[in-house]
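> Here the structure of chain A is known, so what remains is to put chain B in place on it, guided by the hints.
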Amino acid sequence: MVKGPISLLYKKFNVNEGDRVKIKLIDGRILSGIIMPKHRFSDERILILKLDNGYNIGIDYSKISEITLIERKPLIRPAKLPKKPMSEKLPKVVVLGVGGTILSRVDYRTGAVRSAVSAEELLDILPEVVNIAEIETKVIMNKYSEHLTANDWEKISAEVYKQLARDDVSGVVVLHGTDTLGYTAAAVSFALRNLSKPVILVGSQRSSDRPSSDAASNLISAIYAAGYSPFAHVMVAMHSESSDGSIALHIGTRVRKNHSSRRDAFQSIDIKPLGYIIDNTSLKIVWDKYRVRDENRNTLLKGKFKPKAALIKFYPSIPPTIMEILVQDNFDAIIIEGSGLGHVGEYLFNVIKGAIKSGVYVFMTTQCIWGRTNLYVYDTGRELLSMGVIPLENMLSETALVKAMWALGNFSKDDLPKIMLTNYEYEITYRSPYAEGRGFQP
Amino acid sequence: MSKEEEIKIGLEIHFQLNTKRKLFCHCPVGLAEPKGAKVIRRLRPTQSELGQIDPAAYFEFQKGVTIEYIAPQEYTCLVELDEEPPHKLCEEALHVAIAVAKYLNCKLLDEFEVMRKVVIDGSNPTGFQRTLVIATDGHIKVDGKPIKIQTICLEEEAARLIEKRGNVVVYALDRLGIPLIEIATGPDINSADEAVKVAEYLGRIVSATGMRRRGIGTIRQDINISVRGGNVVEIKGVQKLQQLKRVIEFEYARHKSLLKIKDELSKRGVKKEDLRVEYVDVSNIFLNTKSKLISKLLKAGNIVVAVRLKGFSGLLGMETAPGYRLGKEISERVRFWTGLGGIIHSDELPGYGISIEEVNQVRNVLQCNEKDAFVLIISSKDKVDIAVEKVIERAREALDGVPTETRGAKDDGTTFYMRPRPGMARMYPETDIPPIRLTNEILTEANKYKIIPPDEIIKSLIKLYGINEELAWKLYDSGMIGLFKELAKGLKRIKPSYVASTLTELLKYIEREGFDISKLSDDIIIKTIRYVDNGVIEKEVIPDIWVRVIRGEGDLDSIVKRFAEERVKPEQIINYINQLIHSENIRSLPDEIKKKRLIGIVMSKYRGKVDPKFVIETVNKVLEGENIG
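Protein sequences appear in the order of chains A and B. Each residue of the first sequence is one higher than the last, beginning at 1 in the working numbering. Each residue of the second sequence is one higher than the last, beginning at 443 in the working numbering.
Hint data in this document are derived by calculation from the structure and do not stem from the laboratory. You may find that some hints are simply not true.
[What the hints assert, rightly or not] SDA-like cross-link-like pairs, simulated, lysine to any residue; straight-line CA separation at most 20 Å:
{"#": "1", "chain 1": "A", "residue 1": "24", "chain 2": "A", "residue 2": "5"}
{"#": "2", "chain 1": "B", "residue 1": "813", "chain 2": "B", "residue 2": "767"}
{"#": "3", "chain 1": "B", "residue 1": "530", "chain 2": "A", "residue 2": "260"}
{"#": "4", "chain 1": "B", "residue 1": "544", "chain 2": "A", "residue 2": "60"}
{"#": "5", "chain 1": "B", "residue 1": "590", "chain 2": "A", "residue 2": "51"}
Chain A on its own, in the form it takes in the complex:
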């Protein structure tokens, strides 16, 4: 909503955003154009007018002497790409909308971003999909991923489960914001036991209003992978490099957003991607062994998440009170992201001892991102072990958090240590293969 002097001006001359108007300035100049919605950081004294040459200009309200309406909000229909009818002979892929940049569309008049989630709109953007799969779409929710909670993971997992149970569905694609995409991927990985078909989570780093957006190729590749790949895994499909053309399929429990803005922000940690979709239309398989797609396998849903596990990053001078509060709040588990091999400063020893004593499970991961914890190497580690801290091998700290919530939601609390150390979905890998190159990327 417009506030301040500008809203009074609109009222005075009975005009609104979107209207085509003629504006007479105090110095006698006359401008014509369309009144535009205001950017959040636009000064409240400024009226924004879109000139006929397309430019937006900002005019201080005090310089305006008169506004005359020419036309109420003209309707500008976006043009559409030619479409071919969908073929029922192709594999059926269900595309579920959760939110994020991936399918946002810009209103080119205002610059406002909104979600496009109907199958028709999807095909407007990606007409070539009709040659790949028969698409069905459904919106579960429409949230930026930073707003998602464990409760949303339950909804997403349940919907994916429901769609996978359909005989006519070959795979499911989930459109998701990238910020917490890794967490949701881990959550769905744990929630769907005995998975029968591919589940692909996909996002984009550049919004789809740009001709250069990565949304289209990420999504087409995701649909391709859902329809045709032999992987019965939960995966994340995102650019494998800055260039277009190669989309990596990361295993859902070992994937991390490692860059704030690059297209290839997502990386598989201490493991290779299962494969790559090349040029939207072919699959290059990397893994030797994987769970093969099998429509007859009976997928089970273990889809509860109890957010009584917390993740704490150790840092020099961290106050012990952070943990004390968690204990007071009856948290069941604390995952520590320790330094190096899995360490914390000795000034935390007491609070950790106290937490464990009062029945909170304390797990150790590493904040190094790559590599494995080992609490035998140094005194600090041995001390932590003897207190009862449980190291989680090379499990990503985010995945450890999600897994703890999942275990607490679906199993008895006493089983937590056992479940955390059981490898379900490659969240623990026991070999650390040597990899050349930067980023410790295999």
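Quick look at chain B alone, frame taken from chain A:
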């Protein structure tokens, strides 16, 4: 009606600014060898473009086009690669633009809104160019004539096209994001000469801020041109003033001819509905053709279709501008949308090995009478529909005279179809950058750029340094005044006018010879001139020295040392003169001629290795001595 009354020209001139950083990131401004990381991208059509242009054709056009970006490390970061959101606007550029706008009597906006202008050719990895209006409604007088200034914008420069090979377009990203100040004039210019004067005038004002970048390609002008009765056509990418003149002449001729064609079509009673998007597959007629072009393409699996253009006979082949025809406009249009080359029209037939019999058969099939023309399209099946549509589209536009479109300028001053002219939906807000409120602080900073009227600067140069006006303007236009003033301080042996012509004419000459004068830093130029002024070397060797520096044959000091060592010692000159003076053919000459001849002989032997003044003095002395003796 005179040509001047008929023609209306507006200029959109872009000047690169030499700011400390690029417009929307912190990379320095500069160009490098096109080497570095390579990133491959494909652009997809988006809604906003489709609002403006034929979606079917556009999609076809973009399918399969791959763009390769080269990112020279020194001048590019993730922002150019569209891998990081833009940084805040470079304030220095804003200050310069405001200073220029105020000088040109423009009205500043109260808040600047950054826009995205969609570009479809890959020259921006984002798919759009960021641009913002700074001011509007200015006015200037050039040679007494009032010219309106419509807008002053700041824009990011596009990437540098390196090459096109097949479906791959290669760009270097170093140039992308250099701040451009764009000045758009009203359509108040009526001749090529006037356009050149206005362009020169505006260039000099931007130069006066001291922030204009020098060198080839640092200025580009787009021209909006219309001829009474026709529409406005936008011509892109004119780099030289000479080319500007030729483009305007070419377009004037083209517009006039197209208007004539319009009248002729109207006389012939041709209507839009007579031009139908219909075609006949005439491949059969050409099964045994002698035309190598057609038979080759047919063998490759193409078909030949024919489209009738009712009432167009003779008009497709009529020359509209030197070497240019309506027929060519049609084939350019088809080629842009489909990439097809095999477009032939009936005004050029029989030809291309196509016989009169084949022509007549096509005419029969299409039921053409003698007033009708036809177009043959040789194409794969999937492109035929779009190609035919484009042929009819352009033919229909001929009924209205001059189509509104964007054209490109070639070096020789001819123009070609580039794309449809984009409209307002091509622009939408850049939401990643907050609007910028015009504040007193910004105005104070902008006021620090004092723009002194160029002619005042010229007057003072003439007065202070005794150089002539032409040379003074040359200094001004080459952006060398600062350097000149620096060099002119405390000159001993050489004159300011010599320095001025070295900075302008000599450098230009070296550049024309194909040497990259950007390798001659101000420092090198200053040092060289000082060496000459101190008598270490003679001025005749400057070009030689600079060429060697450019070629990388060593640093300036060592090259100068080599030349200095070649210098001749005074005793050698005295000995040589003494020797000459006693020779048979000198001795017999009268004194006046003797002197001239002696100087001539010595100079031709030792040019560049000795100061001519010394030679003259020595000759005088020796001759005097002889006379005394």
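> Take the hints in turn and mark each one as holding or not.
Evaluation of the provided hints:
| no. | hint | result |
| --- | --- | --- |
| 1 | 24(A) with 5(A) | holds, 17 Å |
| 2 | 813(B) with 767(B) | holds, 18 Å |
| 3 | 530(B) with 260(A) | holds, 17 Å |
| 4 | 544(B) with 60(A) | holds, 18 Å |
| 5 | 590(B) with 51(A) | holds, 18 Å |
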